[in-house]
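Undergrad: Hints in hand, dock the two standalone chains.
Single-letter residue listing:
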Amino acid sequence: MSFLSDIKDYPWTSLLAGILPARIAARLPERFQAPSSQIVPPASVAGRALTVVIAIMTFLACLTAGGVYMVHQSASAWVDDIASEITIELNPLNTTDVEKKMTLVALFLAKQPGVTRVKPMSADDSAKLLEPWLGSTAALSALPVPRLIAVEIDRSNPPDMKVIENALNQNFEGVTLDDHRRWQSEIKTITRSTALGGIVVLGLVAAATIAVIISATRSAMATNRGIIEVLHFVGANDRFISSEFERHFLGLGVRAGLVGALAAAVTFLLLPFLLHLLGGGAVTEAETRRLLGTGELDIWGYLLLVVIVVVVAALCTITSRLGVFRVLKSYA
Amino acid sequence: MIRFDNVGLRYGSGPEILRDVTFHVHPGSFHFLTGPSGAGKTSLLRLLFMSLRPSRGLIFVFGENLADLPPAGRAALRRRIGIVFQDFRLLDHLTTWENVALPLRVMGQTESDYADDVTDLLHWVGLGNRIHAYPETLSGGEKQRAAIARAVIGRPELLLADEPTGNVDPAIGNRLLRLFVELNRLGTSVIIATHDYALMDQLEAPRLMLHEGQLQVGAPQMGAR
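As you go down the protein sequences, you meet chains A and B in turn. In terms of my numbering, the first sequence is residues 295 to 626. In terms of my numbering, the second sequence is residues 988 to 1212.
Next up, chain B with everything else stripped away, as it sits in the complex (with noise of 0.2 Å):
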């Protein structure tokens, strides 16, 4: 599904912030991205969902080598993947309800269609009280619930959340990684960057390590610490 083949990036004429990073993610698979802070977990996420080009070395996603992919090829690609920002990226003239709806919306599906998904959605993750709010009005929690919902609205094949759970408390971070849980049961694989121990620690999942710049693949492992 992804493919990074010795991939190095730096921005600009600066140090590389990552160097030969090579790893596979399988379809169906979950994994955690984890790192000190300033390690290059973001960069990595950016080149994933395609905001950056690498400096060096090949990245494939769904089997297409970006290299070679035309704009509008990097549109469809994205409609594959969710995402979730650690600044969440909410439209602040759209309430919450419009917000989730957007990755359906652009996909050119008529509002009676997807409404009731939407809405059940946002119950589930527990904004069901603010659907029609409008995200100035919502707290750093809600914002984050939101930015989930309306990265796992469109069943993405692959889902990468940026610290999703930095801004909630721990029983809403426990509920909503049971949500990327059963997304991945349902075969969307799923790549978590985080760096709280505490959450990795819940699940058995492969851990994808960055230290200054340099990526190491470790095994699965659960309440490790």
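So here's chain A without its partners, still in its complex pose (with noise of 0.2 Å):
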């Protein structure tokens, strides 16, 4: 509970003097001031360049996590959309008369059980989706484009995929249906690796900030080894002399935390018309949207990136203090 308390006590009015450069900063109402009888001063512990380093650490956090989330999004969003429709392709080869054969394929599909809408798409519907591999071509007109025929289902009492697709088979030549599972699968699985490899990610700033931390923690106290023995000579129990560099780190990890997510938001902001401007033409773009989506976070994306910085702030509050007590150990 002493991290509550910790977090309750801390002076949270100066961490806007601790974000400003110091001649701004000077100018705040006193209010916002930073409290000038800390027993440990607060340069002797986090100095500017391990704030920059903490910042950039939750910069890559943030930046980790909202691309995993988006993509996660942009999955579920994909596999929801795919698994309400399924895909008949028709072959236009051997067909004498391709536009009868769709309207009665579709016309056969519209009967069925659990069929909620059947959408035939032209010619020209096929050939706009190889437009961004194949690109605005008359030679796609001779070329023998497959047909598409789109089904909405109705995913609470879907069809029998198997009954209609040996109807198919059955009545129709050359028709082929696509339940969209391989597709589904294949999704899931670009998902998980996405989040692993996002985990292994945030794992590993997480390592790198507990090192930093850690280092820091050292340094700290060595540096105030005079200030550590005159708090042990009046009495002070490591406890106290723990807060006395906790709440450092703590200040430290929100204001670095703030400006490594406020980096992040700006940038995911940003993503869209980055997209854009770095998409490389559109085939590029194209798969980049299919991956990220728009490229935009929603609400619960920007409140992980706040998320993070709770963690960040917990994570330098929690490693200094463990770290000052194995120092005080050693000192013991």
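FYI, nobody ran anything at the bench for these hints, they're computed from the structure. Owing to the predicted nature of the structure, the values given are computational and were not obtained by experimental measurement. Possibly wrong hints are sitting among the right ones.
Far from chain A, some chain B residues (derived; all Cβ distances over 12 Å) [said to hold, decoys possible]:
no. : residue
1   : Ser1038
2   : Ser1042
3   : Ala1059
4   : His1080
5   : Asn1086
6   : Thr1124
7   : Ala1158
8   : Gln1203
Ranges between beta-carbon positions, derived for each pair [what the hints assert, rightly or not]:
no. : chain 1 : residue 1 : chain 2 : residue 2 : range
9   : A       : Lys482    : B       : Gly1060   : 30 to 36 Å
10  : B       : Gln1189   : A       : Tyr625    : 37 to 43 Å
11  : B       : Gln1189   : A       : Val506    : 53 to 59 Å
12  : B       : Arg1043   : A       : Ala502    : 46 to 52 Å
13  : B       : Pro1058   : A       : Gly497    : 30 to 36 Å
From the three backbone atoms N, C-alpha and C, an ideal C-beta is built for every residue, glycine too.
TA: Structure (structure tokens):
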């Protein structure tokens, strides 16, 4: 519970002064100034370089978490989308009247139980699907591009795919049914892989942050060895000494975390424009959009960044506490 | 209150600085610890405030055997002891007032509870006009008085002082001695390490005399030299 009491007692109003450059911070009203009578001088614990390192770590953690979240959201929407649809593919080869066959198949499908909507796609629609890869060219009309029928199904009362597939095969030649199961499975695999990769990156960022804080704690304690000795001689216990260091690391975590998360939030806000600017052509842009959706983070995504700030602050505080206790034990 | 039984101390593998030191300090007593420079006065004080561990022998402080005491227990004992260091050990980034208030802050008291006491004590030791000054702007004598004020602000049961009048003029020295005597009358045991015979001669108190690492307990004397 001491972590909570540290949070409660922390001079939060002074955080602003900690983020701003010293010259600007000095002009802030008194209540926003850092308290002058801290037993361990703030400058001896959290220098600007350490703040920058933690801010960069937070930025990377936020980008990773936000990216994974975005991919997950996009993939979920995609899976939802394709799970409520099946696609009928009609091979135009060996078919004299493709349009007629399309109409017959569509009518047949519309009669099936569990089918809510049937949408035959025109030859132009099929060509548009290939445009990102083959470009807009008249040569497409000469190619035997398969014709597609999008069929929406009632997910609460889905049709028996096997029955429909068998019926289509019996009544129509060159017609195949794709229930998107393979795609769903692949999307889930990609999403899980992305999430796993994200967790690995977050783990590495957390490990690096812990290593930096441990090193900073040791350095701060070596710098303030004289103060620690005096505190010991006037009867301070390890808990008191630890709290004097922790409050600085808590402030450092919050300050640096906010800066890192803010930078990440701005990056996510600019991402749709960046995707467009750095898309590298229609194909890459289309693929990136398929992976990341529109590139926009929703409100839950931004809340995730806030959670990361809290985690970074907690990580800084808890790591410094353990580090201080460890060093104090070695002094005893 | 304090008992040393055959205590020996050596630094590393060097010679013994203190040998077979045995003495008792009773509650409410006043002792001078004296001896030539290098006799081991500071080392003996460091053993008393648990900054060093003896190489051999037993030390009991407030009835606790220091050899068996966990670190948390040491902190609790130190709160009952006031210490004046020869090199003052004031924290340079805190004002005189904040330095003096430090032991009370460590004890968890709130500033409103001790603010008046700290200010009154600083006036008493002649630092009333240096309350907001930082140690680096204080003279040696002023630092000495601030260090003494910090040691006594918590009304310790035992006061240990290492050359507490070494940097002050005789008038201030006498005034500080009166402060120690007053504290002693209120029940604090006092041990002052000094080689200032003029100071010792002002008070009839037993002298713990260190010579070449060995301790002799002298009878109370006044004006003898």
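Undergrad: Does each hint fit the structure? Answer for all of them.
TA: Tested hints:
no.: 1; hint: Ser1038; verdict: 7 Å, violated
no.: 2; hint: Ser1042; verdict: 17 Å, holds
no.: 3; hint: Ala1059; verdict: 6 Å, violated
no.: 4; hint: His1080; verdict: 5 Å, violated
no.: 5; hint: Asn1086; verdict: 9 Å, violated
no.: 6; hint: Thr1124; verdict: 16 Å, holds
no.: 7; hint: Ala1158; verdict: 28 Å, holds
no.: 8; hint: Gln1203; verdict: 28 Å, holds
no.: 9; hint: A/Lys482 / B/Gly1060: 30 to 36 Å; verdict: 59 Å, violated
no.: 10; hint: B/Gln1189 / A/Tyr625: 37 to 43 Å; verdict: 39 Å, holds
no.: 11; hint: B/Gln1189 / A/Val506: 53 to 59 Å; verdict: 57 Å, holds
no.: 12; hint: B/Arg1043 / A/Ala502: 46 to 52 Å; verdict: 48 Å, holds
no.: 13; hint: B/Pro1058 / A/Gly497: 30 to 36 Å; verdict: 34 Å, holds
In summary, the structure is inconsistent with hints 1, 3, 4, 5 and 9 from the numbered list given earlier, while agreeing with the others.
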